[in-house]
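**Q** Now for the letters of each chain:
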Amino acid sequence: MLNGIDDEEKWLAEGIAGIQHNAFYMHQALDSNNLREALKYSAQMLSELRTSKLSPHKYYELYMRAFDELRKLEMFFKEDSKHGVSVIDLYELVQHAGNILPRLYLLCTVGSVYIKSKEAPAKEVLKDLVEMCRGVQHPIRGLFLRSYLAQISRDKLPDIGSEYEGDADTVMDAVEFVLQNFTEMNKLWVQMQHQGPGRFREKQEKERSELRDLVGKNLHVLSQIEGVDLGIYKETVLTRVLEQVVNCKDDLAQYYLMDCIIQVFPDEYHLQTLETLLGACPQLQVIEAQVDMPAVGAITLYVSLLTFTLCVHPDRLDYVDQVLGACVKKLYNIPKLEDSRAMKQVVALLSAPLEKYNDIVTALTLSNYPRVMDHLDNGTNKVMAMVIIQSIMKNNTFISTAHKVEVLFELIKGLIKDKDGADVDELDEEDFKDEQNSVARLIHMLYNDEPEEMLKIICIVRKHTMAGGPKRLPFTVPSLVFSALRLVWRLQGQEGDIVGEEVPATPKKIFQLLTQIIEALSAVPSPELALRLYLQCAEAANGCDLELVAYEFFTQAFVLYEEEIADSKAQVTAIHLIIGTLQRMNVFGVENRDTMTHKTTGYSARLLKKPDQCRAVYACSHLFWVDDQDGIKDGERVLLCLKRALRIANAAQQMANVARGSSGPVILFVEILNKYLYFFEKGNQQITGAAIQDLIELINTEMQSDSATPDTASDAFLASTLRYIQFQKQKGGVMGEKFEAIKF
Amino acid sequence: MNFLIGAFKPACNFSITFSDGKSRKQVPMKKENGQTVMVPLFQSQENIAGKISIEPLQGKKIEHNGVKVELLGQIEMYFDRGNFYDFTSLVRELDVPGDIYERKTYPFEFSTVEMPYETYNGVNVRLRYILKVTVSRNYGGSIVEYQDFVVRNYSPPPSINNSIKMEVGIEDCLHIEFEYNKSKYHLKDVIIGKIYFLLVRIKIKNMDLEIRRRESTGSGANTHVETETLAKFELMDGAPVRGESIPIRLFLSPYELTPTHRNINNKFSVKYYLNLVLVDEEDRRYFKQQEITIYRLQDS
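From first to last, the protein sequence lines are chains A and B.
Here the working numbering is used: the first residue of the first sequence is 1, the next is one more, and so on.
Here the working numbering is used: the first residue of the second sequence is 1, the next is one more, and so on.
Just so you know, these hints were derived from the structure itself, not from any lab.
Predicted, not measured: the structure shown is a model, and the values here were computed from it.
There could be a bad hint or two in this list.
[Said to hold, decoys possible] With a straight-line Cα cutoff of 30 Å, these simulated DSS-like cross-link-like pairs (lysine-lysine) come out: (1) B:Lys232 x B:Lys188; (2) B:Lys104 x B:Lys61; (3) A:Lys206 x B:Lys203; (4) B:Lys203 x A:Lys58; (5) B:Lys194 x A:Lys156; (6) A:Lys72 x B:Lys51; (7) B:Lys194 x A:Lys116; (8) A:Lys40 x A:Lys53; (9) A:Lys40 x B:Lys104; (10) A:Lys40 x B:Lys205.
[Claimed, not checked] Pairwise CB distance ranges, derived in the manner of DEER restraints: (11) B:Gln298 x A:Asn33: 32 to 40 Å; (12) B:Gln290 x A:Asp169: 33 to 41 Å; (13) A:Arg341 x B:Lys203: 33 to 41 Å; (14) A:Glu163 x B:Asn33: 52 to 60 Å; (15) B:Lys31 x A:Glu14: 41 to 49 Å; (16) A:Asp6 x B:Asp280: 54 to 62 Å; (17) B:Leu198 x A:Asp6: 58 to 66 Å; (18) A:Glu9 x B:Leu41: 55 to 63 Å.
Think of the CB as a built atom: it goes at the ideal place given N, C-alpha and C, for glycine as much as any other residue.
Just chain B, with the same shape it has in the complex (with noise of 0.2 Å):
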């Protein structure tokens, strides 16, 4: 499917297509202006490959000083607005200086690509890959056409699992053992453990477990920490006795997860947790947080 972005961009229109955009899968991505569009998938190491069709507006011609095609890689901080850092940048020239007097149509090609990071949308920071195509001019400015798309990062599942097992409590007042199966989940993974009650004193309420999401971003001094909780999962309804041992099954499907970021070119991070919350009847909270990894899987 081609794409028209720009339709009123003044003295030409811009096409940017994929060579397998017929057959690659698009995902959903927000904008800025807060539409969703389908844009196509890569991952890491793909050959990004297409062509541009530049056509000027009927009748006119367009001088340029050479037209060239961009693959980026930016990071964006929300707090420090328009400040890019661009992590990755290739460039493919396209055309020496000259005139386009009709529609031209340039093959590209990125081969191999390496993407280490994913796209990622968070609240104070994006990630986010582009093609940006110049048709550099003296006057009248360069003309400059971008086409987003997503990249994610599969990973093989880890080698090594271990369950998350703990024994937590406040003295004489309440003891508990919880155990999650893993200490890494996939995306669309399942949650199972369970919580056991050594010792309970106090009228508890309800328990749930949350999902929390910890974006920092930054670094020193400078550093911005936002948390979120994306999901409150209710576990238990009443007050268990001394010996219960309460069953965890959390699907993760149903949220908005990303994979784990861990240190994104020094500039920013994103963690998930697991937020075990027990509420007692005047309403006090105790809790217990342990990080989990998440990471993307294959879809088979």
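Extracted from the complex, chain A is given alone in its bound form (with noise of 0.2 Å):
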């Protein structure tokens, strides 16, 4: 390898001393006005450029030697009084050369003058020496000659308002030239792939980005030229030149010149052309034919259209979506996307819609965007998939149909199951939690006040979210209950106008999937989830009057409790819970009520810390006594309760006798106190001022004794309990004079 780059640098120095050589006889001809000596030695000079043994590089810095000599006999050329040959006959004259390469070269350097000289149009003297130079096919020599031409004729081109302005086709005939040698240099440029042997590929490749400024340029001269206005443009230049972008069905070559394309020409232009600029998209499909090319590049092709199609024609979406189909048929051949560059680059084409149209709802619409997606690796997807969500969350997007939802729970469905294959372990637990999270989130905002679809969307958000595992579910399960649940309330809201026919979502139905829903959860297992929520749904059902579906949440709430739920704290949790519930449900009678209350009561009796028995017998007080118009007020059996809490509390504190020395402090007795004086104030005729008055008494002996374990908690709510019953007292009324009869 080295040898080679020596040799190069060997061989480049014998190019340079050969048109230095000839370059140095040349000029003594030019200073004597030999023409025919001048012709001789400028054409070895030339010879120099037929070499192939010179990289692209190389081969430039030979050729701008010889283009800076040239220059030097133009100038002589158009002093016809110093060699006395009309340029007619010198245009002539040059082809007389035996090498094509020089004879085209002088060919070039002659029309120039030639149309300097306007002796005969510049469309026919350019449309000659464009044509005359096909004779050189080889890749780079083809490429340099050709770029010499467009070199010499820029300042020459028969626009309008130049002063080689021609008749009335003048602009086509510019562009016409213009055109021509663009395609002719893109065919010899994407032909430098086929020259030489294949192993060399990537040097090949890195050859021929050196070079693709040649052909580019072409586009940039078309886009100066004045007359090409818009119809030009879209009838002649456009097409031309996304028929050579797609015919030459090079990679390369489609993603740079789309890219020249997309920066040469004014934005209104393409805003009025996009069409056409995008029917050709699908047709560089045939990128997808060569397997082997670099993904990224594809795909940067594929962003940078996107973008572009997004800024310009924004209302288009069948436009975007055609982008990504495209780019869909190019990563089908790429089971697995292995660059990281080009992921980033598919994340970018993904978001460009999002960051667009601030609205999910719009790329749902896209039928390839899921496709583009299945990809990304499983990392890359839950990337996107989470852009996704927080899209949605940032602008308070709802999806509103069932038919979103579907496509977007298939965008987004690397986070809501495991995929085949993957390894769970990789899992980094935080990520996890944050992407459940944001999926628990997302299920909010899928909404439709329209109950049936609600229904369909419930039951699909059901179908997607059951296939995640037991360790999504407790994260999904728990949105997806309320939003079923925020559904059943509000046909509770308009109960009144559903009659007779038969409606698809009714409460009860919904009742029976969240029935469903929850026991997936509780085999999970997750009882203490599942108990929330069937607790929550027995409340729902008693908004709704079923009494016997909020008996069976209740039962199935308390299957858990026996069967599932061990820890003893969360057994205090749940029995709390299980109270609080039940002492708002007005919908059982008066049998399934007894049952209810009894289980309740029973089970926080037999609760292991006697602290914890004590809090929930007297919170199961609250069972007996509901503060409603119709509730139940059984004054008796909440004494009872409050009685045997005192008890339990006694017994809390000669445990602490025994097994510390010292008794507990007397906080629960206060807390008793307070149940006393609530169900006082409530009216409750068991509970007396005298039983009050007792209780205090109970509790000052045992702070002042001996054993008592000084707690500052238990006397600040002592003291501030005393003081309320201070302040009722002093109010006056009917409720002072109640509290007058607690006497301490």
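These two chains come separately, so use the hints to put the complex back together.
**A** Below is the structure:
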């Protein structure tokens, strides 16, 4: 390899020496006005450009040397008084050269003088030059020759307003010339890849990209032609350029040229020709035939195209989808993208519509969107899914049809369930939580006012989330349950309207669904959560006046409590939840309610720790006293509960004495005292001022005993409780009188 | 302009001048010794007239049996050295036997001379026209003087001049279609054409168009054929792809061509061919040769 570079340096040096040598004699001939010699030595000089040994980079150096010399020759050609030959004859004379490359360089040089002389219309000369240059088919030599042609002709195009302006079709002549040179140059450029052995492919691609600007420059020239208005751009320039871009079937060229088109021509032109521009895009799929092309290049192309489309024609979603579709076809050949750069580009591709529209709903209508996502690796897929969810959250977008929900779930399925074969151990616990919390939040954004549609949405969400496996369900099910409950509440509000006919969305039906959903959760197992949800449902069923349903939910909750919840702390929490819920239930008949309360008090008394027992039991007192108009008010059983609680508190004190040699804090007593006061205030006849007085006495005694543990919390609690009594007394009125009965 | 030929000939000096010598066009002609001289140019059916002066060397007289001038058209085959075939031979008697004491001038004229063949100077054959002045003597041998002149005959543009168009190829390897705009070209003509590549499965390095001259002399078993490549003109550099069309524009003026000569007096023929040569990267040559006719068009 080193040798190769050294050799190249040597060849370049030889070439430069050859050019300098012949240029020296050419200068002499120019100085002595000897045309024949000048032609001879310039041709010999240009023969150095016939080399095949140099890389484009080095060849360029050689070319520039020759280029400078040709400028001097051109100056000489211009002065026909010196050499005595008319430019027309000169134009023929240089064509006598036997070797094509020197011949055409000379022809272009004379051609430049010919146009300037205006002895012939610029278009004729240009047409001849561009046509004759076909003789050089060697990619590098041809590209440089045509680049020379482009260079010398730039200021001589028969453009409108130019001194070389021709007849009515003058602009088209200018355009035609540049287009033809462009087309031929691009063909040569594409041909480059077929030169030499395939193993140098990478080197070749590098060399090719070094030359791309030679090709692209033509587009720039086109954009500079004054006379190219929208009409000509649309009808001729774009059509022809795209034709070449599509037909060349070369990824590098397609990518570069599409970019070029977009860069060099004004946006308003793009705006007016978007259909054509995008029409070409699916045809760029020819790149998919080339399996080994770099994915990143192709995708980057799609990204720029998409960004462009979004900017210029945001209302044409079909275009956006078309671009994505083309990209999918390209990606189809790459089962899994390994290239992280490519991956980034895909994320960029997918994020672009979200950013543009600030509205995922729009993206959901793009049929190819999920298909592109399928090509991401698991990690990136999740990142993209998160981007989507965040977009929804940020913009507060409600997804309001079952179909869109279905599409959405297809998009974020990476978050919803494990991919086959994915390594679960890899998961970062924190990330996973973040993801699942996002999904949970997302479920609340799936909303429709129409109950029927909403039910459909719920069913879809259920279908997808149920597949999520034990780790996800605890995150997603609560959202789903509440989403369903929200529907229940709404139905309840409009129940009056629904008469007679078979309505799909009824609370009953939803409750059935909910039972199944929560069942799945309890099987995970996540019994505590399931229990909460059962209770929540029970309460909702209560609101719908569905006694049996509510009863069923409670039953499920109790079953869970009995069979699944073994942890004592969890039991405490659960029992309080049960109590709290049951307290508000008004749908149950006496019998059912008795069963429930009986069970509940039973469980309460059987908790492990005495303080827990105590608190649960005094909480149960509320089950017998509902402070509603029609609420149950069973003062006797309230008192029984409180008394039982006192007994337990007492027992707790004694146990503490035994265990630690000091009695426990009196806080339980103070708490019970507060319950007494509550029911006293609510008018429970069973709770008397005397009983409260006794209780206060008891507390004081306990606190003053030797074995009492000083506890500021209890002291403060008691103090404020007593202050409350004092306050009620002072308030006067009925309540004040009532409280006067308590003496201390 | 007068021409003195053989200044140191014994006995006398000759001067042969053409009556329109001052205005007649002169063209270069290569002599046997390699020198190029300018000689007058004629065409068929012209009158060839002028004056011949004979001047004895100082103080000498020339006794002679008569003076004559001949107009000869000769074909000379180099491999058959010394053998001339006169296809044209005209004689004018200038003087009856007698003596020349001093410079004597004879006018002569060959009117509307039929000179169907052009002067030609080839590899193996030469066709020349000469004026031969002979002073016949009984002793000392006759004194002979030659004056070359060149004949060129012009043709009108051919009424039928079809293009040459042909599809050739090697199966599954290379198929091309080429077209030359004419089959008959004049000497200062331009060959315009194109080569269209229908199928290219070989890596072509370059493509040339050659002009070849084929001179055949003699006949039967004695035929000598000499082929020269007069022009080698590169048409294409590099490998074309299918569908490519390469232009041809070849100016004929820089090359030393003659008109096509067909079976001149049953002695020789000169034919021209365009040879399209493709060379691949392994230097294999693929070629197709087509005859073209070259004619001389009157300069306008």
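**Q** Indicate, hint by hint, whether the structure satisfies it.
**A** Going through the hints against the structure:
1. A threshold of 30 Å between alpha carbons decides the hint, and for B:Lys232 with B:Lys188 the separation of about 17 Å falls inside it, so the pair holds.
2. At most 30 Å may separate the alpha-carbon atoms for a hinted pair to count; B:Lys104 and B:Lys61 meet this at roughly 11 Å.
3. Restraint check for A:Lys206 and B:Lys203: satisfied, since their Cα atoms lie roughly 23 Å apart, inside the 30 Å limit.
4. The hinted pair formed by B:Lys203 and A:Lys58 meets the criterion: a straight-line CA distance of about 24 Å does not exceed 30 Å.
5. At most 30 Å may separate the alpha-carbon atoms for a hinted pair to count; B:Lys194 and A:Lys156 meet this at roughly 27 Å.
6. A C-alpha spacing of about 56 Å is found between A:Lys72 and B:Lys51, which places the hinted pair above 30 Å, so the restraint is violated.
7. As the CA atoms of B:Lys194 and A:Lys116 are separated by approximately 29 Å, the hinted pair is consistent with the 30 Å bound.
8. Of the pairs offered as hints, the one joining A:Lys40 and A:Lys53 holds, with about 24 Å between alpha carbons and a cut-off of 30 Å not exceeded.
9. A C-alpha spacing of about 53 Å is found between A:Lys40 and B:Lys104, which places the hinted pair above 30 Å, so the restraint is violated.
10. Restraint check: the Cα-Cα separation between A:Lys40 and B:Lys205 comes to about 24 Å, which is no more than 30 Å; the hinted pair holds.
11. At about 34 Å, the CB distance of B:Gln298 to A:Asn33 agrees with the hint of 32 to 40 Å.
12. The supplied range of 33 to 41 Å is met by B:Gln290 and A:Asp169, whose beta-carbon atoms lie about 38 Å from each other.
13. Between A:Arg341 and B:Lys203 the CB atoms are about 35 Å apart, so this pair conforms to the stated range of 33 to 41 Å.
14. Taking the beta carbon of each, A:Glu163 and B:Asn33 are about 58 Å apart, inside 52 to 60 Å as hinted.
15. Our hint of 41 to 49 Å for B:Lys31 and A:Glu14 holds, since their Cβ atoms are close to 44 Å apart.
16. A beta carbon spacing of about 30 Å between A:Asp6 and B:Asp280 contradicts the range 54 to 62 Å that was offered as a hint.
17. For the hinted restraint 58 to 66 Å between B:Leu198 and A:Asp6, the CB-CB distance of approximately 43 Å leaves it violated.
18. A hinted range of 55 to 63 Å for the beta carbons of A:Glu9 and B:Leu41 is consistent with their spacing of about 58 Å.
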